[in-house]
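Engineer: Listed in order, the protein sequences are those of chains A and B. Converting from the first sequence to my numbering requires adding 3 to each position, the first position being numbered 1. Converting from the second sequence to my numbering requires adding 2 to each position, the first position being numbered 1.
For the record, the hints were derived by calculation from the structure and aren't laboratory data. Just to be clear, a hint being listed does not mean it is correct.
[Stated by the list, open to error] In silico DMTMM-like links for lysine to aspartate or glutamate, alpha-carbon gap of 20 Å or less:
#, chain 1, residue 1, chain 2, residue 2
1, B, Lys418, B, Asp227
2, B, Lys422, A, Glu158
3, B, Lys188, A, Glu158
4, B, Lys422, A, Asp66
5, B, Lys418, A, Glu158
6, B, Lys422, B, Asp122
7, B, Lys96, B, Asp122
8, B, Lys113, A, Glu61
9, B, Lys418, A, Asp52
10, B, Lys113, A, Glu158
11, B, Lys86, A, Asp244
12, B, Lys422, A, Glu154
13, B, Lys357, B, Glu339
14, B, Lys351, B, Glu375
15, B, Lys315, B, Glu176
16, B, Lys422, A, Asp52
17, B, Lys188, A, Asp74
[Claimed, not checked] Examples of chain B residues toward chain A, derived with CB under 8 Å:
#, residue
18, Leu13
19, Ser14
20, Ala404
[To be verified] Derived CB-CB ranges, DEER-like:
#, chain 1, residue 1, chain 2, residue 2, range
21, A, Val111, B, Ser256, 28 to 38 Å
22, A, Leu65, B, Thr170, 28 to 38 Å
23, A, Pro41, B, Glu53, 25 to 35 Å
24, B, Lys403, A, Leu89, 55 to 65 Å
25, B, Glu53, A, Ile229, 24 to 34 Å
26, A, Thr73, B, Lys403, 47 to 57 Å
27, B, Thr94, A, Arg108, 36 to 46 Å
28, B, Glu215, A, Ala46, 55 to 65 Å
29, A, Gly82, B, Lys86, 23 to 33 Å
30, B, Ser219, A, Thr79, 44 to 54 Å
31, B, Thr170, A, Val97, 55 to 65 Å
Note that the Cβ used here is the ideal one computed from N, Cα and C, for glycine as well.
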Amino acid sequence: MARSPLARRIRGLHDRNLWQLIFVAPFFLGLLIFTVVPIGWSAWLSLFDARNTVTPTEFVGLDNYVYLLTDRAFQTSLGTFIVFALFIVPTTFVISLSLALLVNRATVARAFFRSAFFLPTACSYVIAAMVWRLVFFNGARFGLINSYLRELGLEPVNWLGGGNYLYWVVLVTLRLWLQVGFYMILFVAGLNRIPADTYEAAAIDGAQGWRVFRHITFPQLRATSIAVVLLLLINAFQAFDEFYNTLISVGNYPPFAKPPLVYLYLISFGSGSQDLGLGSAGSMILTVVIAIFGLAQLGLVSLIGRDRR
Amino acid sequence: MAIPRRGFLGLSGAIAAAGLSACGSNTGRPEPGSSGTAGGDKPQLSQWYHEYGEEGVEEAVKKYAAGYPDATVTVQWNPGDYDKLVSSSLLTDKAPDVFEYGGGPTLDMIKAGQALDLTDVLGDARDQFTQSVLDAASWEGKVYGIPQTVDMQMLFYRKSAFDKAGVTPPTTIEELITATRAVRTKDMGGFYAGTDGGIGVLNSMLIWASGQEQISSDKTGIGFDNADGYNAFAKFAELSHTEGFVPSASGDWSAASPFVNGETAMQWSGLWILPEVTDALGDDFGVLPFPGVGASGRQSVIFGAFSACVNAKSKNVDAAKDFVRWLWVDQEDYQLEFSTAFGTHIPAKTALVPKADKLADGPGADAARFVAEMGHANDKLWTPAISQAVVAALTNVVQKKADPKTEINAVAEKAKADIKRLNG
Numbered sequence: 004m005a006r007s008p009l010a011r012r013i014r015g016l017h018d019r020n021l022w023q024l025i026f027v028a029p030f031f032l033g034l035l036i037f038t039v040v041p042i043g044w045s046a047w048l049s050l051f052d053a054r055n056t057v058t059p060t061e062f063v064g065l066d067n068y069v070y071l072l073t074d075r076a077f078q079t080s081l082g083t084f085i086v087f088a089l090f091i092v093p094t095t096f097v098i099s100l101s102l103a104l105l106v107n108r109a110t111v112a113r114a115f116f117r118s119a120f121f122l123p124t125a126c127s128y129v130i131a132a133m134v135w136r137l138v139f140f141n142g143a144r145f146g147l148i149n150s151y152l153r154e155l156g157l158e159p160v161n162w163l164g165g166g167n168y169l170y171w172v173v174l175v176t177l178r179l180w181l182q183v184g185f186y187m188i189l190f191v192a193g194l195n196r197i198p199a200d201t202y203e204a205a206a207i208d209g210a211q212g213w214r215v216f217r218h219i220t221f222p223q224l225r226a227t228s229i230a231v232v233l234l235l236l237i238n239a240f241q242a243f244d245e246f247y248n249t250l251i252s253v254g255n256y257p258p259f260a261k262p263p264l265v266y267l268y269l270i271s272f273g274s275g276s277q278d279l280g281l282g283s284a285g286s287m288i289l290t291v292v293i294a295i296f297g298l299a300q301l302g303l304v305s306l307i308g309r310d311r312r
Numbered sequence: 003m004a005i006p007r008r009g010f011l012g013l014s015g016a017i018a019a020a021g022l023s024a025c026g027s028n029t030g031r032p033e034p035g036s037s038g039t040a041g042g043d044k045p046q047l048s049q050w051y052h053e054y055g056e057e058g059v060e061e062a063v064k065k066y067a068a069g070y071p072d073a074t075v076t077v078q079w080n081p082g083d084y085d086k087l088v089s090s091s092l093l094t095d096k097a098p099d100v101f102e103y104g105g106g107p108t109l110d111m112i113k114a115g116q117a118l119d120l121t122d123v124l125g126d127a128r129d130q131f132t133q134s135v136l137d138a139a140s141w142e143g144k145v146y147g148i149p150q151t152v153d154m155q156m157l158f159y160r161k162s163a164f165d166k167a168g169v170t171p172p173t174t175i176e177e178l179i180t181a182t183r184a185v186r187t188k189d190m191g192g193f194y195a196g197t198d199g200g201i202g203v204l205n206s207m208l209i210w211a212s213g214q215e216q217i218s219s220d221k222t223g224i225g226f227d228n229a230d231g232y233n234a235f236a237k238f239a240e241l242s243h244t245e246g247f248v249p250s251a252s253g254d255w256s257a258a259s260p261f262v263n264g265e266t267a268m269q270w271s272g273l274w275i276l277p278e279v280t281d282a283l284g285d286d287f288g289v290l291p292f293p294g295v296g297a298s299g300r301q302s303v304i305f306g307a308f309s310a311c312v313n314a315k316s317k318n319v320d321a322a323k324d325f326v327r328w329l330w331v332d333q334e335d336y337q338l339e340f341s342t343a344f345g346t347h348i349p350a351k352t353a354l355v356p357k358a359d360k361l362a363d364g365p366g367a368d369a370a371r372f373v374a375e376m377g378h379a380n381d382k383l384w385t386p387a388i389s390q391a392v393v394a395a396l397t398n399v400v401q402k403k404a405d406p407k408t409e410i411n412a413v414a415e416k417a418k419a420d421i422k423r424l425n426g
């Protein structure tokens with residue numbers, strides 16, 4: 004059976020290209036159906052006024068986008084995200100790196116400590132949020148921390164009431180507890196890839212402690228650090244569960260500490276309404292913002308890297 | 003005999019596919035709307051309820067459905083976020099034929115043609131229902147949901163605390179502020195309305211209590227951007243900063259525990275806690291409407307009623323309408339039982355209210371009277387975006403000492419734009 008030269012070129016040596024496509028096809032199909040098509044549909048829907056329907060009805064062009072971008076509450080929510088990211092990304096990075104260094108150096112029960120710190124990752128965000136809200140940081144006199152404050156003779160604090168900024172303490176500690184273990188594992192993996200003779204060579208040269216960390220360990224962790232910061236940023240942006248479950252009360256969400264996803268959820272799906280055009284427009288805006296942040300971070304890192312060469 | 007690899011793989015794949023294709027069709031849920039009416043079979047209807055907190059409701063509604071002679075009605079009991087469940091299902095063809103919805107269908111549902119106009123189902127019986135309750139489920143004169151039973155919110159207060167402090171129950175906001183300060187003790191606070199400081203649950207109460215309406219009469223904007231509205235917000239800020247205002251308690255405003263445990267002398271809560279409060283405190287409590295605010299102030303309460311709606315795109319629209327008429331207009335015994343046998347609710351038909359023994363006297367009777375004389379429900383144009391803007395405005399006035407006029411004007415701008423989007 005003769006194949007044309009073009010067909011043979013496309014199919015590759017021993018039909019290599021064809022088999023490549025066949026093996027990748029199931030995953031690619033899944034990606035197409037469950038990710039690419041919904042995103043495209045959402046982008047298309049965002050240009051329409053789609054209420055209580057997933058099929059576009061009335062074309063409104065960029066009205067949904069304009070409505071959101073000029074909305075004071077949406078702008079505040081973007082600010083809330085930035086503040087949250089500023090709190091959580093450096094803190095998680097430092098703490099998980101420190102924990103990874105400590106756990107790696109442990110001589111006794113290293114596996115136990117690794118598992119113990121990683122265990123909170125398996126905990127549901129919703130459950131953790133409820134425990135934080137109803138047990139630890141309950142604003143009533145008998146909340147756990149308030150009880151200790153009362154023992155010390157201080158006034159009970161209304162953590163989640165909003166008259167102060169203490170709700171950030173609640174949210175940041177919640178998020179830290181839940182995710183530090185995961186990033187610690189990433190750093191442990193990164194640390195294990197540093198060849199041991201690098202440290203031996205440094206010891207021979209007389210380096211120890213902080214200098215070893217600064218000049219040997221940390222530079223070797225560059226790839227891991229980049230990945231961790233990018234993941235932290237994206238996850239901070241997608242924060243929903245801890246905010247929603249900590250601050251929602253019966254029929255109401257306060258106007259502070261409202262990240263973009265919570266805000267979009269409430270106006271698109273609140274009180275039985277289904278404003279899908281608006282929700283889709285919001286998702287598109289958020290995607291663009293994440294993409295900008297991600298690219299900026301990669302650009303910044305490669306800029307630093309280029310200087311070092 | 004050695005089966006070649008390819009043949010084996012192909013055969014096992016075919017067997018697996020055949021096996022798997024057998025599953026998946028039995029979802030365990032009733033098939034809605036399939037009308038097997040050929041040859042005189044009764045039509046099949048599906049009816050959805052949300053999960054009521056009280057025991058025994060599920061058995062009761064299934065009993066009502068089974069008692070309907072002209073169709074086979076399958077009841078689906080839905081725990082979890084019922085609103086989202088119904089809204090999503092109405093987008094598909096697996097939607098229920100009859101479903102209940104809080105406050106009647108939303109304006110979006112009405113405009114998208116998902117809820118059927120039920121004015122003819124009511125017919126002459128329209129006058130038998132409490133008008134304010136019926137209006138809450140109507141739009142432009144047409145009724146879209148038949149109220150099943152009415153729930154409401156009011157202020158609970160401890161009589162003993164008031165007697166000890168020598169204060170009379172408050173009817174205006176100034177009296178409420180004075181009372182809050184007076185009845186508080188070392189262990190018991192004065193006034194409690196939720197862990198968010200009452201902002202979420204009381205923002206609309208302030209609007210009505212100051213004699214204003216949520217939406218203006220020409221339906222283009224809000225109805226409270228005037229001096230009375232600004233004053234109402236300022237007065238609430240004053241209340242929030244009074245000594246005795248409880249910022250956080252063992253439960254939210256909707257739970258009986260703060261009031262029953264003696265954490266607060268007054269609590270804004272709902273009729274549903276009445277059984278628990280009566281059990282725990284006996285006679286030592288009374289109920290009040292929200293006090294009036296300002297010169298044009300009026301006492302008010304808020305009510306809501308889950309109403310029976312018919313899916314306009316159902317395959318058995320006429321059968322569904324007949325069923326709704328039979329159950330929620332004609333069967334007064336069932337309506338009375340539904341309202342009173344499980345917790346305490348108020349029947350939607352005015353004539354049934356005196357027949358409910360829990361509402362015959364005491365706080366129950368007061369509650370029914372409040373709804374009839376001074377009850378308000380959320381306007382259909384009160385969108386989530388407007389509601390959030392009001393919450394933000396009130397929070398700023400209370401916590402950041404912002405000027406009520408500036409805040410409410412910002413809400414007015416937002417509302418104008420949002421209503422235009424919704425109503426055109």
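Engineer: Next step is simple, just say for each hint if it's right about the structure.
Structural biologist: Hint by hint, here is what the structure shows:
no., hint, in the structure
1, Lys418/B / Asp227/B, "holds, 12 Å"
2, Lys422/B / Glu158/A, "violated, 48 Å"
3, Lys188/B / Glu158/A, "holds, 13 Å"
4, Lys422/B / Asp66/A, "holds, 12 Å"
5, Lys418/B / Glu158/A, "violated, 44 Å"
6, Lys422/B / Asp122/B, "violated, 30 Å"
7, Lys96/B / Asp122/B, "violated, 26 Å"
8, Lys113/B / Glu61/A, "holds, 13 Å"
9, Lys418/B / Asp52/A, "holds, 17 Å"
10, Lys113/B / Glu158/A, "violated, 52 Å"
11, Lys86/B / Asp244/A, "holds, 17 Å"
12, Lys422/B / Glu154/A, "violated, 55 Å"
13, Lys357/B / Glu339/B, "holds, 10 Å"
14, Lys351/B / Glu375/B, "holds, 15 Å"
15, Lys315/B / Glu176/B, "violated, 52 Å"
16, Lys422/B / Asp52/A, "holds, 12 Å"
17, Lys188/B / Asp74/A, "violated, 44 Å"
18, Leu13, "violated, 20 Å"
19, Ser14, "violated, 18 Å"
20, Ala404, "violated, 11 Å"
21, Val111/A / Ser256/B: 28 to 38 Å, "violated, 51 Å"
22, Leu65/A / Thr170/B: 28 to 38 Å, "violated, 58 Å"
23, Pro41/A / Glu53/B: 25 to 35 Å, "holds, 30 Å"
24, Lys403/B / Leu89/A: 55 to 65 Å, "violated, 27 Å"
25, Glu53/B / Ile229/A: 24 to 34 Å, "violated, 48 Å"
26, Thr73/A / Lys403/B: 47 to 57 Å, "violated, 26 Å"
27, Thr94/B / Arg108/A: 36 to 46 Å, "violated, 57 Å"
28, Glu215/B / Ala46/A: 55 to 65 Å, "violated, 39 Å"
29, Gly82/A / Lys86/B: 23 to 33 Å, "holds, 28 Å"
30, Ser219/B / Thr79/A: 44 to 54 Å, "violated, 31 Å"
31, Thr170/B / Val97/A: 55 to 65 Å, "holds, 60 Å"
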